[in-house]
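**Student:** Each chain is listed here by its residues.
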Amino acid sequence: MKILYFAWMRQRIGLSSETVELPADVATVDGLIDWLIGRGEGYGAAFEKRDVIRAAVNQDYVPFDHPVADGDEIAFFPPVTGG
Amino acid sequence: MKILYFAWMRQRIGLSSETVELPADVATVDGLIDWLIGRGEGYGAAFEKRDVIRAAVNQDYVPFDHPVADGDEIAFFPPVTGG
Amino acid sequence: MIRVQEDDFDIGVEIAALTAEKTTIGGVATFTGLVRDMAPVDGADQPVSAMTLEHYPGMTEKKLGEIEAEANRRWPLDASLIIHRYGRLEPGDQIVLVACASAHRQAAFDACQFLMDWLKTDAPFWKLEDTDAGGVWVETRATDDAAAARWKRESEPGE
Amino acid sequence: MIRVQEDDFDIGVEIAALTAEKTTIGGVATFTGLVRDMAPVDGADQPVSAMTLEHYPGMTEKKLGEIEAEANRRWPLDASLIIHRYGRLEPGDQIVLVACASAHRQAAFDACQFLMDWLKTDAPFWKLEDTDAGGVWVETRATDDAAAARWKRESEPGE
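Protein chains in written order, with the numbering used here: chain R, 2 to 84; chain F, 2 to 84; chain A, 27 to 185; chain V, 27 to 185.
Excised from the complex, chain R in its bound form:
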């Protein structure tokens, strides 16, 4: 599973992307966030405002109860500000 981080989430985690093996007990985006937060301080800071950040699975916006599977491309980022 490939995970991408953008903007200040990328800065706080210190990575723009990483490839991880999906833990057996993680089934949703929410579960994935819980697991990532356990990996270190940077993740905790990045996911601190959980109600603000947005998630995409395979390049589509998803709610946090959306399922995740190995092979998915998951992205986390702050609210967008294009245009």
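Check before you lean on any hint, since a few could be wrong.
What the hints assert, rightly or not - Computed cross-link-like contacts, EDC-like style, restricted to lysine to aspartate or glutamate with a CA-CA straight-line distance of at most 20 Å:
#1 3/F - 80/A
#2 48/A - 80/V
#3 50/F - 116/A
#4 88/A - 22/F
#5 50/R - 63/V
#6 3/F - 19/F
#7 3/R - 171/V
#8 48/V - 116/A
#9 48/V - 119/A
Said to hold, decoys possible - DEER-style ranges, computed between Cβ atoms:
#10 95/V - 16/F: 53 to 59 Å
#11 76/V - 3/F: 56 to 62 Å
#12 178/A - 171/V: 28 to 34 Å
#13 65/R - 175/A: 35 to 41 Å
#14 46/V - 172/A: 30 to 36 Å
#15 119/V - 99/A: 25 to 31 Å
#16 20/R - 100/V: 35 to 41 Å
#17 68/V - 130/A: 17 to 23 Å
#18 42/F - 161/A: 34 to 40 Å
What the hints assert, rightly or not - From chain A, some residues computed to sit far from chain V (all C-beta separations above 12 Å):
#19 29
#20 32
#21 33
#22 36
#23 40
#24 41
#25 48
#26 50
#27 52
#28 69
#29 70
#30 73
#31 88
#32 101
#33 157
#34 161
Hint data in this document are derived by calculation from the structure and do not stem from the laboratory.
Since we're looking at a predicted model, the values are computed, not measured.
In this text, a Cβ means the ideal position worked out from N, Cα and C, and glycines have one as well.
Got chain R; can you put chains F, A and V on it based on the hints?
**Tutor:** This is chains F, A and V only, laid out in the frame that chain R set:
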């Protein structure tokens, strides 16, 4: 007094502009139209649809009860279609 | 700024000039009107080979200046531009350019639509279309009157 | 057509290409977003010396393509274009161009605003502004969410 005609009013009258001396009994745009219609067939055809045409006095739109005076620049034209 | 001219214009050049040295502008809304190759004549579409735009020199510039000033009173614009051509044009040719620059994109959009709606109903231009049925003067459309009516208020200039 | 690029663009060239050989187009509405030299930081305006636009390659193109298709479903457009830049930009630089061509000017205006509102709230771009107080990530504005909300309906793509 200078009178200008545009678009199909110009075509029907056969003039784009003319200079006339304001008759003493003409006080408003309405009165001027009545007087012009009496001048010939082309004018009658041009002013036939009196509720459709528009008038300008000194380059501002005016209602037909607007006064006219010698020295004014009066224009008559169909509804505009710019843009 | 307003310009009434026979010559064509380059939108890129005009926008660059309009926004040059002004770094408070958040965005520029524009509308460019083009000559269409078909037009409704007595309810049926007819091919149009050319169009001639007649206008009232003097009144055109006066009215365009007034309406541009009104747009600047209604919205916080950093810059605005109206270019309207006259003379003979062919299908695909540019007729008019309206551009409004503002720190706020909604203001830029609204002012641009306001100016276009006004141009359609109050600027002294007339279009003569060359069709297979001969020269046909373009008639006012009810939808244009309705579009202009949404901006009406007491402070509006003109009629 | 959509393009995501570091390079600048020329509005005149883009509009000419968009409308070339299409003589059914009555008009083209455009919006060009520019980098402003001031930005609110903690409620007070700060000078901005530069801006860096980050995006999500792949998802950006996918989402821009989807929203352009949606605009074409909602309005009778003859042509449409979205160009969005990324990378480092300076005040006055062009960020984005949206252009919609239609036989009907209201359709062109509405589609153009729809695309801009959507770009502000759903296109995966993020702006980092260089200010005297350091690098500041631009935050979403409530007015942008409100602007986007007016287009919401069941058939809308995405979230």
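**Student:** Each of the hints needs a verdict: does it hold here or not?
**Tutor:** To see whether the hints hold, each was checked on the structure:
1. 3/F - 80/A: With Cα atoms ~19 Å apart, residue 3/F and residue 80/A stay inside 20 Å; holds.
2. 48/A - 80/V: Violated, because 25 Å separates the two Cα atoms, which is more than 20 Å.
3. 50/F - 116/A: Distance ~30 Å between residue 50/F and residue 116/A Cα, so the pair is violated.
4. 88/A - 22/F: 26 Å, violated
5. 50/R - 63/V: 29 Å, violated
6. 3/F - 19/F: Within the cut-off at roughly 6 Å; holds.
7. 3/R - 171/V: 30 Å, violated
8. 48/V - 116/A: 12 Å, holds
9. 48/V - 119/A: 11 Å, holds
10. 95/V - 16/F: 53 to 59 Å: Holds, since residue 95/V and residue 16/F (Cβ atoms, about 55 Å apart) stay within the stated range.
11. 76/V - 3/F: 56 to 62 Å: 59 Å, holds
12. 178/A - 171/V: 28 to 34 Å: 30 Å, holds
13. 65/R - 175/A: 35 to 41 Å: 47 Å, violated
14. 46/V - 172/A: 30 to 36 Å: Hint holds: Cβ distance 32 Å, inside 30 to 36 Å.
15. 119/V - 99/A: 25 to 31 Å: 30 Å, holds
16. 20/R - 100/V: 35 to 41 Å: 39 Å, holds
17. 68/V - 130/A: 17 to 23 Å: 21 Å, holds
18. 42/F - 161/A: 34 to 40 Å: 21 Å, violated
19. 29: 16 Å, holds
20. 32: Residue 32/A is indeed farther than 12 Å from all Cβ atoms of chain V, at 19 Å.
21. 33: At about 14 Å from chain V, residue 33/A clears the 12 Å cut-off, so the statement holds.
22. 36: Its Cβ does come within 12 Å of chain V, the nearest being 5 Å, so this is violated.
23. 40: 8 Å, violated
24. 41: 5 Å, violated
25. 48: 8 Å, violated
26. 50: Label violated. Min Cβ-Cβ 6 Å, cutoff 12 Å.
27. 52: Incorrect as stated: the minimum Cβ-Cβ distance to chain V is 5 Å, not above 12 Å.
28. 69: 17 Å, holds
29. 70: Fine: 16 Å to the nearest Cβ keeps residue 70/A off the interface.
30. 73: 10 Å, violated
31. 88: 24 Å, holds
32. 101: The claim stands: residue 101/A keeps its Cβ more than 12 Å from every Cβ of chain V (closest is about 15 Å).
33. 157: 14 Å, holds
34. 161: The assertion about residue 161/A holds, with a minimum of 19 Å to chain V.
When the structure is compared with the earlier hints, violations turn up for hints 2, 3, 4, 5, 7, 13, 18, 22, 23, 24, 25, 26, 27, 30 and for no others.
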